[in-house]
Structures are given as structure tokens and as C-alpha cells.
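2 protein chains.
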Amino acid sequence: MQPFVYTLAVEATPPSLQDNTGDIDRLKKAITAANGAVVSIPFSRLAPIAARFRKYGFKGAAVINDLPSGPRLVDFLAGPPRILPAMALDLGTTHLEASLLNLVDGRILARGNRENSQIEFGADILSRIHYAAKDDGLSRLHLAIVATVNELAADLALQAGEKKESIRALAVSGNTTMAHLFLGLDPAQLCREPYIPLVNTPDPFAAAEIGLALHPAAPVWVMPSIGSYFGGDLISGIMASGMDQREETCMLIDVGTNAEVVVGNREWLIACAGAAGPALEGGVARMGMRAGPGAIEHVEIDPRTLALRYRTIDGGKPLGLCGSGIIDLVACLYLARIIDIRGKFRQERCPDRFVETGEGLAFVVAAPQDSAGGEAVVLGQVDLDAMMRSKAAMYAILTTLINQVGLDFTDLNRIYVAGAFGRHIDPRRAITLGMLPDLPLEIFQAIGNSSLAGAGLALLDRQNRERCLRLVGKITYLELNVNQEFMIRFSGSRFIPHTDTALFPSVPVFD
Amino acid sequence: MQPFVYTLAVEATPPSLQDNTGDIDRLKKAITAANGAVVSIPFSRLAPIAARFRKYGFKGAAVINDLPSGPRLVDFLAGPPRILPAMALDLGTTHLEASLLNLVDGRILARGNRENSQIEFGADILSRIHYAAKDDGLSRLHLAIVATVNELAADLALQAGEKKESIRALAVSGNTTMAHLFLGLDPAQLCREPYIPLVNTPDPFAAAEIGLALHPAAPVWVMPSIGSYFGGDLISGIMASGMDQREETCMLIDVGTNAEVVVGNREWLIACAGAAGPALEGGVARMGMRAGPGAIEHVEIDPRTLALRYRTIDGGKPLGLCGSGIIDLVACLYLARIIDIRGKFRQERCPDRFVETGEGLAFVVAAPQDSAGGEAVVLGQVDLDAMMRSKAAMYAILTTLINQVGLDFTDLNRIYVAGAFGRHIDPRRAITLGMLPDLPLEIFQAIGNSSLAGAGLALLDRQNRERCLRLVGKITYLELNVNQEFMIRFSGSRFIPHTDTALFPSVPVFD
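Protein chains in written order, with my numbering: chain A, 339 to 849; chain B, 339 to 849.
Don't take each hint at face value.
A pair holds if it fits inside one copy or across any two, identical chains being indistinguishable in the list.
List time: in silico DSBU-like cross-link candidates among lysine-lysine, alpha-carbon distance up to 35 Å [what the hints assert, rightly or not]: (1) K472 - K367; (2) K397 - K655; (3) K393 - K367; (4) K393 - K682.
Keep in mind that the hints were calculated from the coordinates and are not lab data.
Nothing here was measured: the structure is a model prediction, and the numbers come from that model.
Chain A on its own, in the form it takes in the complex (with noise of 0.2 Å):
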């Protein structure tokens, strides 16, 4: 265990006229002593460090960023310290996510999130991009991210008994726009043919270089992408479920904006990503909402009586539908016949539960009395058909993946599902709809936040640091967008669960 900073107790010999070393050189060489490490000194870190040295008599523990580029001396201290604060930063285009985790022992001090301040700007990364085009439109983005980072900061340092200036270290994960926006670089390539970020890997930094309020000297990872639509919180997503080093083979899947699919083992990693996202992330439908309070994440009918029953996240009244729960209500209609195989309302099966609305025919999930809003929350034919289109893209994905390595889905030793999707999620009702393939259940594992996760990883094991940096290299990156075979499989796919149900035997067929 390295953790991307730590502390090194040293006792150098008081200087005297037979040993006249200058206190940074004493110092330098009680550390080559102590473990073999050859630090360097950042120039504005000479005269603190020398200062605090001297102040507490030529003994103590010296604060060291351990870099790619070699051991680094930031700061000295009278002892050892109990914390070392770092921040580990899932930087998401809606929503930050963090952790404060102490270097020294490894454990959560504090976790925290906050709205991503961008969104003033543009509510996708499309129009961040575009925002990013105009006059001081880079600097604006750059800024807002910053100032959300340091107000996160501040509140993981309040809960957790500390400065912010105290946190020592920060690992960030993120899709490639929003790297690129929080380093204050031009993300205009990342959306035109052929796709090329600025930086797939940048070396780490320290913090005060790009206005974070973190310690200056506190040295800033950022997961590292391969390409524009496969950025940083996908290799921690790798890296955070381990697939990279299990000799068998296992599936990653990760929907955020887009839906993000990696297969591999310990020898080799294949990737891809496409637009299947949005409609199950809540995006899409006109009740859509993001997994949080009043989202109904579960939906059962019953196929007899068609008595509906539904549980919100917080288990008050519904405000709308998160992904998981449109995926529940969907599969339901569905094996209630409510819904045809095309994903067209049936509204002659039940017309009470019916309304129409300015968009047309829209199924009532929660009446007005009965919602938080004091409006009814439906689902119309419009999100229907965008979750149809969503659920198609996704099998075509991953069929798509699977067959380009020459493997079947039995073939999966395990497929983790990643993020707020992989955890509300009930993988029995997204198999009913032809979303994931028909596998028992047991294969299918949530793995939570794990672009969190990996960035936390990375701070506390320079063995993980450098895996991720091997990852970059060892990810081939299937590029669906030019992919005739995905088209085919996705028009295959428009159907519940499939045109083919041969591939889904467990899913009941009505004729």
C-alpha cells in the first residue's frame, strides 16, 4: 500500500560546524536514509518545509506526494499525523459525488455530493461544448466546476473535523468533457470526427494550479480516458470492479448519459459505449427523474387483477420515475399485457387507467391525490417508445460486444452493473424486457458508484495507479457510431424482449 500521499518519520543530526548541510539537503538525506527515496522539492514548498524542519528540531515526518515522475517533498510536520485527508470526486455532468478517505488507514471520514454548477451553462455535455466555444465560455465552465469542487470540499472537511486546506490529496473520475472542462481545457475535438480528447492521460498537478482550495501542494489525479466517449469514471469502473484482474471473463456495464459496456478478463479488456442511456437514467420520459426522494424505483402489477403497486426511494409520495422504476412499471405492463411486444399501450385492456394528455395516451402510475407534485405521475406513449428505443440500443450494445470477441453471454462469469442504474435496478425485469441478456440471476452484480469508487482506489495504492495507467493501454475501444452489425441488432431488438425469443426463454411470450 502507497497512497498517493504519505508521511515518512525522520531524525536527521542537528547541523554543526562539522556538519554544515544545508536544512533542505539534512532533510533530503534523512529521507534516503529513512527509505531509499530520492525526493525532490516543488520551489514554492523550500522555504515552509525548511522552516518547520528547523522549528521542530531537524525531526518529525515529512508529507510526500509519491508521483509517477518520482517522490515528491511537500511539507514536514511535527509527527505522524492519525489523518491525511484526500478527496476522491466522481465528477458527473448532473451530479458530484465524493469521499474523504484518510490516507493513513484507509477509512471514509465523510461523503458528500452536490448539483455540478455547469448546468447554468448547458444541460448535457453537447451544450457544454458548445458553451465552451464562446467568449470566456471555457473559463466560465472551468471556474463553476472548481467552485463546486472546493464547496464540496469544504463541506467533507466540515464533517469530518478539518480544514479543507488540510485535504492533502484529490483523484477525480469523469467522463472525458467534463476532464477536459475541469482542467480548464478546449473540449471542442470531443464531439467532432475523429473524436480526439486534448489529453487522454494528464500528469498529476498540484491543487492550487488550477484554483482548488484543497492544500497547494495537495497533488490531483485524474482518471485517465481513451477516447471521447470513454473517459475516466469507466476505468474506474474497471478498476472498481476488478474485472481487469479475474481470469474469467466478466461484463461491465455502466449507464450514465450514454450506456457504456466494457468485456474482458486479466489478458485482455474490449469496450464500446452508445447512446442507450438517457431514457434509463430517468432522462428521457416526461416523469423521468433521478434516482433521489419521491423517484418510484418499484413497480409490480398484478397480471390478474392488474392491481398496481409502486415504492418510492424514500418511501413518500412519488414525484416521478427514476430508470429503475420505468424499467419495473414497463416489464410490468408488459407480463400484464397492457403493453404489446412492440411496446404499443393496449388500452382496451384497462381504459380507467388511462388519460390523454397534450402528447397523447399516457398511462397513469400515481393518481393527482396520491402524488407528492399534486399531479398525476404517468407514462406516455412518447416515453414508451423512447424507453423501447434505450432498451434496444442497450441489448444491441451488448450483443454487439459480445459476438466481436466470438463469445456467447453464458460465456460471463459475472456482469457487474455500475452506478445509480446497477443499483435500484431488478435485472429479472430488464431481462423481461430484452435489455439484459437471459442470464440466471446470480450472474448480475450491483456495484454501486464505482467511478467513486475507483477514484478512491487510485489515492490509496500507487499499485492501482499504475494499473490504471496500464488499462489506458490495454483497452481496445469498439466504435459502434461506424458499426453496420449494431444497426442490424438494434432494429432485432425494437421488440419485447425480442424478435428473436429463442434468446430469451425465461421471458413469457404472448402471441
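Using the hints provided, position chain B relative to the given structure of chain A.
Just chain B, lined up with the frame of chain A:
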């Protein structure tokens, strides 16, 4: 030859859908392919480098800083430049001297010098150390020297038809106090027992970090010191003389504010320093002055007729005496028996050449009507006494040191004499005074401003930079302030040429 900054021609395959590697990562790969170097990039240089790499069609010349911690990519040019300017700087207490080198071919593009603007805060090292202890004192001294260096850089750039922002590197050689003030580091411990520098060997840093108006990523190399009284200027001197690479044992004498002496060869080096300087640099005598226009650098007195002739450095009327002029004068006064072996005036030899001044008797070198200032150029008894102490200290330093290593002066293959002192001094006259040992004249070799020359060597080749880092660990420093032997030898040297005249067979002895 690996200069401190070099360029590398690179040509990368342009990005495509088949190869979506990020711009920066593409460039790094191309560099590694070209010369095997794995470069890191300072955060602040990411955006400009990426922009230029793309603008120039993914080919051109990478600008790389060759740092001890590894190669660092700092810029990208359209093609290999003809000129890559770098500044070598001798950071003197009173005077700065600099040259602009072309790192492409090692040639000198320009030379310049400037008074050290810190003089307004204190004329000598000690007064500046005291000034630094005041409120804002250190900061004022730091800003003053940075401003002087910036002006000098602008001078050099102008001469060479370049901008100062195009100066790609700086190597600085100065005494330990000047190095601290240049770096903005507290020099307080330098003049307090046990005389400990804050740092001996600072890691290279970027010019912008201390407000230098060179290229912002220009690496700054500060010649390491081995103690308060043995600075980077001496390390430069050793390098410029080459004595650290020779099989034969040699000696280096550098007379500045102090007299600093090194003896040794490629196997070992021992050094000491002592306060022998001021009189020799023209700093003590009332009419003393730096070697420059109007300074009498050479004097002859006919021992029979007592006729006196002198020569000024510029051939014009005299203003005062520089160090070599004083040495010449005192040696001639002794040979003409106008002073005795104790260094006291014998007024009776030529009463008309003497005047009474407020400070006592003085010998007239140039009458008022012959001088540039309209005031007689004289040497007073007070000046003479100071000169005697200086020459005694010098010889005592040399003999203490040579004795310490169990050698005799005749074991020396060469005595290098550095600085303005070395350039102008006539070794024959210094021997007459008993200041330098009585050796064949060809043993003595003037090496000019070796502080500046050493800085240039560091700029031009990595081997030299590694060499000066090794020198720090190789030199044994002999502390004279606590040395009994030195005091005894000092007393014995307070006669002309010496109490033990057998040591100076070539010098005539009078009664």
C-alpha cells in the same frame, strides 16, 4: 552533449477514427519513439502545447527541459530552431555578469553586466543579511535582484535580436547569500554559528515561479553551495578550471569578497575560505576601486631612480587603484626600499613623494593634476596595513590548506587564479609580497570569470550538471575560523615576503 533545454524533431500519425489517442498522449508517444524519453508536462503547458501540436499538423519540434527528475516537455515549435537562447549568470554581490548562449551550438550570442541593485539595501553580504531580517526586507532584496536579472536578460536579448521571453533557460552562479536572496529564501542562519544554508542544492524550477520574465517554463539551475562561505560560484570555478577532472593536483584561488581556495584533483578536493579579500579587490584602500576605467592596474618603480610609472585599465587618467594595482605598487615600494619588511613607510627614501592626510602619511601615486578626479591618487599607511593583513591572510590560507593535505606547493601542477583579480594580477609581484607561493610563473594561470563560465557549462551539458551535483558531496570543507594553525601561520606571514625568507628564494631580502 545534452543541453539544459533541447529540441527533438517529431512527426506523429494524425488522429483518425482508428487511432483516437489524445493530442498530448500522441505527442508523448512520438517523443518516446524518437528518443526513448518518457516526458512529463507541467500542467500550465498542456493547453499551449496541445494547440501548437495540432496547429503544426502533428509534426514539429518538441522543446524539452532536461531535468534531474526526468525530461519535461514545455513547448512545441513548427520545426527545429536555429537558436535556443539560454542565460548564464554570475550573481555577484556588487556586480552581475551574464552571457547569452545558443544551446543549439554552444556559441555566445551576447554578453552584459549590471550593478547589483541590492546595493541600496546594503553594500556587503552581512549588511544584506541584516536587512533581510527586517519587515519586507527579504522580499525587497529578492524583488531587487529579480528586477536586475530581468533588465540584464532584456539587454542580452536585445543584443541578440531576441525577446527576453524567448530565453529558454537560466543557470545562476553566486555566493551562498546571493543564491538565497535570489531564491527569496531567508539567509538568517548563514551568518550565525554553525552557519547553515537553508538549502545547498535547490531542485531546478520554472523561471515564472520567482517572477523572472524569461520564457515562463525556462528551467532555472542554481549552482549548488557546500556551505555559507563556499557557494555555487566556487563550484563553477572548479568546473571551469577542470581541476576536478585532472589527475595532477592543482589549486584554485578565487578572490572576491572572501578568498576561497580549493586544492585537489579528480580523486579528492579540499577547500577553505577566509576574509582575505577586500584589500585585494580594491575594497579596503581609500583609493581602491573595482578593476574598470580609471583603475591603475599596473605600477613600476625604478629601484635606483625611484621614478614611478603606472598604467590604467583603459589607458586614461587614473581615478584609483584596483587590486592588482595595489599589489604591484606595494611590491615595487618594497623592492625600491620605500617600505620595510613590516610594511611601514620609509619616508626618508623620497620625502617629496609623501603627503600628510587626515589618516596620516600617504604615498602619492598620481598628483592631482595627473588624475582624472583632480585629486591625488594615494596609498596611505592605513591602506598599506590592510594590504599587509590581506596578503598575510592569503598566504596563511594557502599554507594551512596545503599542509592539511600533507603536500608542498611544489606538488602543485597548476594554480588557477579566478576572477578580475586573476585577470589583472602579475603573479611575480604577488610572490614578491609573499602573498602567493614562490613557484615558477608558468604554474599560475588566470581563468577569468569562472563563476560565469561554470554556469555556462551547466547550461550546455548534462554531464556538467551531474558533475556539479557530485562535487557537492566530494569537497571537504576546512573551517579556518576555528583553526589554530591558521592563526600561527597568519602571524608568520605579516612580513615581506615572510618571516621565513627561505620560503621565497626569488625575492630579495633587505637587512
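A quick look at each hint next to the structure:
1. Within a single copy, K472 and K367 get their C-alpha atoms only as close as 51 Å, which misses the 35 Å cut-off; across copies the closest is 32 Å, which meets it.
2. In the homo-oligomer, the alpha carbons of K397 and K655 never lie at most 35 Å apart, since the shortest distance is 60 Å inside one protomer and 61 Å across protomers.
3. Taking CA atoms no more than 35 Å apart as the test, K393 paired with K367 passes inside one copy only; the shortest distance there is 18 Å, against 45 Å between copies.
4. For the homomeric pair K393 and K682, neither the shortest alpha-carbon distance inside one copy (76 Å) nor that between copies (52 Å) is at most 35 Å.
Consistency with the previously given hints fails for numbers 2 and 4, ordered from lowest to highest.
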